[in-house]
Structure formats: C-alpha cells, structure tokens
Amino acid sequence: MENKNINRRLFVKSTTISTGALLTIPFSLEAMANSSNNRKIKLALIGCGGRGTGAAVQALRADTDVELVAMADAFSDQLENSLKAISEELNGERIIRVKEKNRYIGFNAYQKAIDLADVVILTTPPGFRPLHFEYAVNNDKHIFMEKPVATDANGVRKVLKAAKLAENKKLNVVVGLQRRYQKSYNTILDLISNGDIGKIVSGQVYWNGAGVWVRKRKPDQTEMEYQMRNWYYFNWLCGDHILEQHIHNIDVANWFIGEYPKSAQGMGGRQVRKGIDHGEIFDHHFVEFTYPSGAVISSQCRHQPGTKFNVSEAFQGTKGNVFTSGNKNCKITDNNGKDVFRYKSEGDESPYQIEHNKLFQSIRSGGVINNAEYAAKSTLSAIMGRMATYTGKEITWEQALNAKQVLVPDNLNWNSIPPVLPDSNGRYSIPKPGITIIT
Numbered sequence: 053m054e055n056k057n058i059n060r061r062l063f064v065k066s067t068t069i070s071t072g073a074l075l076t077i078p079f080s081l082e083a084m085a086n087s088s089n090n091r092k093i094k095l096a097l098i099g100c101g102g103r104g105t106g107a108a109v110q111a112l113r114a115d116t117d118v119e120l121v122a123m124a125d126a127f128s129d130q131l132e133n134s135l136k137a138i139s140e141e142l143n144g145e146r147i148i149r150v151k152e153k154n155r156y157i158g159f160n161a162y163q164k165a166i167d168l169a170d171v172v173i174l175t176t177p178p179g180f181r182p183l184h185f186e187y188a189v190n191n192d193k194h195i196f197m198e199k200p201v202a203t204d205a206n207g208v209r210k211v212l213k214a215a216k217l218a219e220n221k222k223l224n225v226v227v228g229l230q231r232r233y234q235k236s237y238n239t240i241l242d243l244i245s246n247g248d249i250g251k252i253v254s255g256q257v258y259w260n261g262a263g264v265w266v267r268k269r270k271p272d273q274t275e276m277e278y279q280m281r282n283w284y285y286f287n288w289l290c291g292d293h294i295l296e297q298h299i300h301n302i303d304v305a306n307w308f309i310g311e312y313p314k315s316a317q318g319m320g321g322r323q324v325r326k327g328i329d330h331g332e333i334f335d336h337h338f339v340e341f342t343y344p345s346g347a348v349i350s351s352q353c354r355h356q357p358g359t360k361f362n363v364s365e366a367f368q369g370t371k372g373n374v375f376t377s378g379n380k381n382c383k384i385t386d387n388n389g390k391d392v393f394r395y396k397s398e399g400d401e402s403p404y405q406i407e408h409n410k411l412f413q414s415i416r417s418g419g420v421i422n423n424a425e426y427a428a429k430s431t432l433s434a435i436m437g438r439m440a441t442y443t444g445k446e447i448t449w450e451q452a453l454n455a456k457q458v459l460v461p462d463n464l465n466w467n468s469i470p471p472v473l474p475d476s477n478g479r480y481s482i483p484k485p486g487i488t489i490i491t
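Per the working numbering, the sequence shown starts with residue 53, numbered consecutively.
There's no promise every hint is true.
The calculated EDC-like cross-link candidates involving lysine to aspartate or glutamate, where the alpha carbons are at most 16 angstroms apart (straight line), are [unchecked claim]:
no., residue 1, residue 2
1, Lys235, Asp400
2, Lys213, Asp192
3, Lys251, Glu311
4, Lys484, Asp335
5, Lys92, Asp129
6, Lys314, Glu450
7, Lys94, Glu119
8, Lys216, Glu186
9, Lys92, Asp117
10, Lys314, Asp335
These are computed hints drawn from the structure, not numbers from a lab.
I would like the entire structure built from these sequences, with the hints used as guidance.
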C-alpha cells in the first residue's frame with residue numbers, strides 16, 4: 053500500500069483539525085488556456101497529522117513545480133512536527149520552506165492557509181471536512197481530501213452540493229479512497245466489467261484489526277482540547293471506525309457492484325475497548341447491506357487486540373468469484389475454486405502516490421477529475437451501517453440521506469462546549485441498540 057517508510061515514520065505523528073480556502077486566480081483557467089503551463093503550483097496543507105504529512109510529501113513528489121506555501125492546524129506542535137517530517141522525508145530532493153507567518157493555528161486557520169494556495173490538502177479529522185471542502189470550492193481551489201468526507205448526513209448533503217459546484221467550476225477533486233487508483237483493483241474491475249464472474253450476487257468486506265492509537269487525557273486539558281487530541285473516539289470528529297477506516301472496503305463493494313446500498317441492518321458494540329479514553333465508539337460492527345440489484349454484502353470491522361487481522365474483500369458472481377486486498381493479492385476463481393486469473397504485481401507504484409500524480413497531471417493539462425460524489429455516497433453508506441448497528445434497526449438509504457442528526461456544531465472555538473460530555477466518572481454515553489434512536 054503506501055510507502056512503508058513514509059507510513060511508519062509519519063503516521064505516528066498523529067492527526068488533527070483545521071480548514072482552508074483561496075483568493076488567487078483559479079489555476080484551472082490558466083491550465084485550460086495553455087496545457088503546457090509551467091507555472092508554480094502553490095500548495096496548502098490543512099490538518100497536519102500523519103495522513104496529512106504523508107499526503108503533502110506525495111503531492112510534492114507528484115510535480116516538480118509544486119511549492120508548499122502554507123500550513124494550518126489546531127495545534128502548533130502538530131504543525132511543527134509535520135513540517136519537520138516533510139523536510140526530513142524530502143531531504144536531498146528539495147528544500148521545504150514555509151514562512152512562519154504562513155503557519156496558521158486554530159479553528160479558523162484553514163481559511164488563511166487556503167487563501168494562499170492553488171491546491172489544498174484537506175486532512176483534518178473528518179468532522180471538519182464538509183466545512184473545509186465548501187470553503188475551498190467556493191474559493192476556486194483544486195482539492196485533495198481524505199476519506200471519509202463527513203461524519204453525519206448533514207455533512208454528506210453539504211459535500212454533495214459542493215461537489216456539484218466543483219463540477220460546474222471544473223475544479224479537480226481527488227479523494228483518498230486509494231483503492232480506486234490501485235492497479236490491481238482496476239485490473240480486477242475490468243474483468244468484472246467484461247463479465248468474467250457474471251453478476252455479483254453476494255460478498256464479504258472486512259477491516260478487522262487491533263485498533264489505532266489512544267491519547268490519554270492530560271490534567272491541564274480542556275474537554276475540547278482532549279477530544280480534539282483523542283479525536284478518533286468521538287463520533288462528531290471521527291464517525292466511528294466503520295466510517296473512518298472500513299469505508300475503504302464498503303467503497304470497493306459499491307464500486308464493483310456499480311450501485312449504492314438501498315438498506316442496511318446489523319449489530320455491534322463494545323466488548324474489549326471500553327476504557328475511559330475510548331470515548332463513545334464501538335469496537336466491532338457487523339452489517340448486512342442490500343443493493344438494488346439484489347446483491348447482499350456482509351460487512352465486518354473490528355478493533356480488538358489479539359484477534360485475526362483481515363483487510364480484504366470477496367465477491368461471488370453467477371460465473372465466478374473475486375478476492376481482493378490492499379496488498380495486491382487479487383484473483384478470480386471459477387465456481388469450483390480454481391484460479392482463473394491471479395494478479396501479478398510488477399513493482400506497482402503506491403496508489404497513495406498515484407492519486408496525487410493524477411491530480412496534478414489533470415491540473416496541468418486542463419482536465420477535470422471529481423471524486424467527490426462517489427466519496428460522499430460511500431461515506432453515507434458507512435454512516436447508514438453505523439446507524440443500523442447503533443439502533444438495531446433496518447435503515448434505508450433515504451432515511452440515512454435525510455437524517456436530521458447533526459453531530460458537528462457550527463462556529464467552534466476553544467471556548468466551545470463539545471457536543472458530547474463525560475459523566476462524573478469520565479465516561480461517555482454509548483449507543484444502545486434497541487434504545488438509541490436516530491432520526
């Protein structure tokens with residue numbers, strides 16, 4: 053998957069919160085007028101955690117005439133750590149200089165950073181993605197943004213609206229559902245489209261692992277700072293791991309089937325990961341997604357140490373079967389289990405790098421890539437699954453899309469009260485299937 057040296061070194065540097073936009077002349081207009089345009093492209097990084105740091109490195113490697121001109125984050129230490137990591141990773145390739153005055157801190161830092169750039173990287177915790185995406189599109193910026201693109205249906209609706217505006221403005225929007233840029237997955241998709249397995253009737257998608265980092269509360273932290281540092285465990289910021297992580301596998305199902313689920317029902321809970329620093333999210337989910345074509349996909353995701361690791365997808369068709377995984381172990385078998393096709397990697401480039409290469413190539417050539425709509429709909433698919441596991445009810449696509457629940461408050465600042473608060477023992481309310489109601 054991603055360059056392992058970058059991943060291991062950068063992802064441990066944590067993730068964060070911020071936003072962005074631009075006031076320069078839209079680069080796309082110049083590029084369309086002159087496809088050989090060699091003008092320097094100005095880049096801003098919004099959200100300087102591990103994923104943002106890695107994405108910035110990949111963007112800078114995608115085009116020799118890209119300059120990182122601004123950075124924004126909620127926390128100064130995270131921004132400075134990110135800048136240092138980017139410089140170290142690119143040492144010998146180029147010199148990274150971001151002026152101190154262009155290093156912005158705070159909830160509204162994104163606006164100042166975006167205003168200085170042609171292209172923005174949006175890699176804050178996903179609860180902020182709709183706000184930042186709207187601002188960037190309104191200000192004519194090309195965009196790379198990480199998945200998921202929202203944590204609630206309200207955010208999804210905002211992203212869908214902004215996606216349409218981006219399309220009308222001919223802005224490029226690439227989303228970090230990198231399997232769609234991975235050679236092995238695209239090879240398998242071509243074979244599916246060619247009818248090699250017939251019609252997909254069922255499948256299983258998995259993201260089962262030990263879990264992610266935990267950031268313990270410090271005595272001097274406000275509740276807002278604590279939640280923003282430990283963002284993975286709060287739904288308004290993260291959306292639960294069925295959304296933040298398992299969206300990759302759910303998106304593959306949507307992509308291969310060529311549809312979005314019409315309904316979801318399932319179960320989940322907290323059996324292992326239930327300490328006071330584990331916020332309000334579940335540690336396991338199982339969802340059954342039903343598609344308009346009749347296909348039924350079983351979805352598993354688990355964050356439980358000591359359990360079997362499995363990040364993969366499998367699909368059964370009327371003529372054969374598909375097996376895919378991020379490590380390029382992809383194949384097709386007939387209905388007797390005999391290999392029909394097995395993908396052979398030949399030094400394939402990382403899909404994390406490819407998505408940035410494609411973005412900057414499109415900008416330079418005056419082309420248009422816009423992943424925002426399918427990213428928003430796969431985000432909603434995962435949210436629909438979360439609604440099903442939290443409530444114990446069957447949830448339809450229409451119910452999910454039109455849900456009135458708003459997880460992310462407007463106009464946040466350091467004095468704001470977070471939307472969820474702990475009790476006197478430091479514990480947060482946990483969804484209870486059969487009792488929890490989401491309208």
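Results of checking the hints against the structure:
{"no.": "1", "hint": "Lys235 - Asp400", "in the structure": "holds, 7 angstroms"}
{"no.": "2", "hint": "Lys213 - Asp192", "in the structure": "holds, 15 angstroms"}
{"no.": "3", "hint": "Lys251 - Glu311", "in the structure": "holds, 13 angstroms"}
{"no.": "4", "hint": "Lys484 - Asp335", "in the structure": "holds, 13 angstroms"}
{"no.": "5", "hint": "Lys92 - Asp129", "in the structure": "violated, 29 angstroms"}
{"no.": "6", "hint": "Lys314 - Glu450", "in the structure": "holds, 8 angstroms"}
{"no.": "7", "hint": "Lys94 - Glu119", "in the structure": "holds, 5 angstroms"}
{"no.": "8", "hint": "Lys216 - Glu186", "in the structure": "holds, 11 angstroms"}
{"no.": "9", "hint": "Lys92 - Asp117", "in the structure": "holds, 5 angstroms"}
{"no.": "10", "hint": "Lys314 - Asp335", "in the structure": "violated, 25 angstroms"}
Checked against the numbered hints above, the structure breaks hints 5 and 10 and satisfies the rest.
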